[in-house]
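Listed here are the chains, written in short residue letters.
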Amino acid sequence: MEQYDLMRSARFRKEREPEWRRLEALVSEAETRGLHNMDFKAARDLAAYYRQATTSLAIAREITLDKALLEYLEALTARAYLSVYAPQERIGSLIRRFFLTSAPQAMRRSWLFILLGFLCMGLGALTGFMLYFENPAWFHVFIPPELANGRGPASTTDYLQSVIYQQDPDSTGLGAFATFLFSHNTRIAIFVFGLGVFLCVPSVLLTFFNGLGLGALYALYVDRGLGIDIGGWLSVHGVTELSAICIACGGGLQLGSAILFPGDRTRIAALQLAGHDAVKLAVVASIMLLVAAFLEGFARQLLQDLSGRYILGWGVGLIWLAWFILGGRSRR
Amino acid sequence: MIFRRRKKKEPRALAGELMPPEGVPLKLRIAGIGVRIAAQITDVAITLVASGSILILFAALRFTDPQTLLAIGALLFFLIRIPYYVFSELVWNGQTLGKRLMKIKVVSHDGGSLTTHALVLRNLMKEAEIFLPATLLFTLNSATPVASGVAFGWIVIGLLVPLMNRHRRRLGDLMAGTHVIHLPVPVLLKDLANEMRVQTEKRKPYAFLSHQLDHYGAFELQTLEDLLRAQNSPPVAKRNRNQQATIAALVETIRKKIKYADTVPSKDNLLFLRAFYNAQRQHLEQRQLFGDRRKNKHHVMEDDIS
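These protein sequences, in sequence, are chains A and B.
According to my numbering, the first sequence holds residues 122 to 453 in order.
According to my numbering, the second sequence holds residues 123 to 428 in order.
Derived EDC-like pairs: lysine to aspartate or glutamate, alpha-carbon spacing no greater than 16 Å straight-line:
| hint | chain 1 | residue 1 | chain 2 | residue 2 |
| --- | --- | --- | --- | --- |
| 1 | B | 417 | A | 183 |
| 2 | B | 149 | A | 195 |
| 3 | B | 312 | A | 136 |
| 4 | B | 312 | B | 348 |
| 5 | B | 419 | B | 342 |
| 6 | B | 389 | B | 374 |
| 7 | B | 312 | B | 347 |
| 8 | B | 417 | B | 336 |
| 9 | B | 149 | A | 192 |
| 10 | B | 312 | A | 138 |
| 11 | A | 188 | B | 347 |
Note that these hints are calculated values from the structure, not bench results.
Quick caveat, the model's predicted, so the values are computed rather than measured.
Given these sequences and hints, build the entire structure.
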């Protein structure tokens with residue numbers, strides 16, 4: 122009897138209101154406690170009521186002019202949508218998946234770009250090396266003074282050697298230098314990756330310039346007959362750290378090349394696609410930088426023996442390589 | 123001319139539409155630059171406090187000499203920051219603590235669920251897009267015009283990108299396929315049509331003829347709805363008198379427009395409006411069911427032209 126007094130849209134609302142209220146309660150439960158912690162029945166109801174609410178919204182848009190109802194349904198459905206389609210994966214399994222499969226697979230897929238990254242660095246080092254022997258003054262061009270830590274063509278061989286073999290690191294502030302060097306290299310890695318978007322050019326230039334400095338420094342020590350010693354000093358962290366920069370460069374190049382050569386896609390779509398692997402490269406590079414920081418901060422100071430340094434540095438390098446090559450292969 | 127037209131068509135209300143897999147588009151308000159910067163500042167403060175407290179712990183334990191401490195501090199801030207954004211957005215479904223505070227949220231632009239990849243990407247780009255320019259801001263000086271110019275250009279471009287698109291997406295959002303919205307709050311108000319029934323049980327309600335209801339459209343109806351809802355809130359003495367006058371004027375206007383012959387006694391003003399609201403809504407909803415959507419009172423003129 123009462124039903125006939127109401128207009129159609131009011132009846133529509135009256136029939137469905139309890140379901141909406143229930144959905145509202147479920148959504149707030151999902152938002153505060155998380156879908157994982159809800160019991161089976163509640164989670165199932167959430168999905169079912171959410172679908173009903175979307176239907177209600179679609180109908181309400183057609184039949185009712187009640188603004189309050191429309192706004193409520195709009196907001197309720199949106200909230201329910203957001204909690205139904207929340208990411209469901211746990212952090213632990215996410216991290217495991219990254220290390221075991223997706224990171225090494227991404228590295229293998231983008232081997233060409235990483236190779237290009239190493240090539241930039243290597244060519245830079247070679248050029249720096251050659252130029253130093255042409256004129257030692259190039260050293261100051263390639264290496265900013267704060268990075269040289271007082272080293273240069275003018276400094277004595279004894280001083281150069283003392284930087285490499287440091288018995289008491291804390292007394293001369295070498296620890297601070299190590300952290301500085303690390304944050305410098307981290308910044309370079311971020312630049313090299315992030316700026317790759319601008320058509321690859323900044324990435325290539327920065328990596329090349331980094332290589333120039335490396336080559337000049339190496340040439341300085343070779344000039345003084347300390348080539349093998351600097352090799353050891355650099356190996357400890359450099360194998361990891363410089364590889365990280367090259368990998369970051371590879372990621373940047375991947376982004377840049379997606380913009381340069383999008384193929385059949387639009388540039389934005391190509392960039393998004395390339396981003397999948399490039400981001401993984403960036404994360405790998407940052408993990409490597411972190412390991413390099415520990416090597417630089419502790420191992421290089423503790424390990425003063427030349428061959429030990431070589432073994433540690435290249436050993437760690439081999440472990441990285443093994444991870445990239447062997448990780449994430451499906452067993453058949 | 124062209125400008126005026128565009129303005130009319132597309133009110134810059136930043137209304138984003140999201141298409142969930144169910145196929146019913148949802149309107150979600152896009153979060154503006156201001157609220158996002160506020161959330162960002164909150165997050166920076168949180169991470170700064172976290173790294174600062176660890177640093178103080180280091181200093182208290184005399185872990186290293188003070189010279190190194192500054193470098194370690196910068197490093198810690200960096201190490202805490204990146205995982206904080208990624209993991210908090212993963213755990214809280216696109217919200218960091220700052221975003222929770224500001225009630226905004228990251229959503230996937232295509233209406234699917236947020237992927238880990240998207241969250242990692244947009245937060246890594248944040249590093250290149252927000253934090254590096256922010257630190258570069260301190261290095262600007264006139265001694266190195268070229269480097270400063272480049273840095274400044276970068277900062278400006280980074281700030282301009284979100285302003286250039288409708289969804290206020292920054293570069294990281296564009297690459298990750300996400301945008302940021304205001305979280306809607308579902309509040310179900312009472313149905314005005316129901317309230318009317320309770321009130322008019324005692325008396326004979328006002329009745330309207332169908333040609334009297336042809337004057338107004340949905341916009342006028344919903345404005346009337348807002349006005350009637352405002353009547354339910356507790357009255358303030360002074361405001362109340364103003365409202366009385368407004369309502370009397372409104373009743374008079376409506377009465378003239380629809381050519382309602384009888385005068386309405388002033389104590390019945392609200393009753394008249396409620397009755398009119400009900401009748402008008404019923405009429406318009408019925409017209410809408412027959413495919414005649416009336417947006418506003420200009421529908422009559424539009425019909426004449428066509």
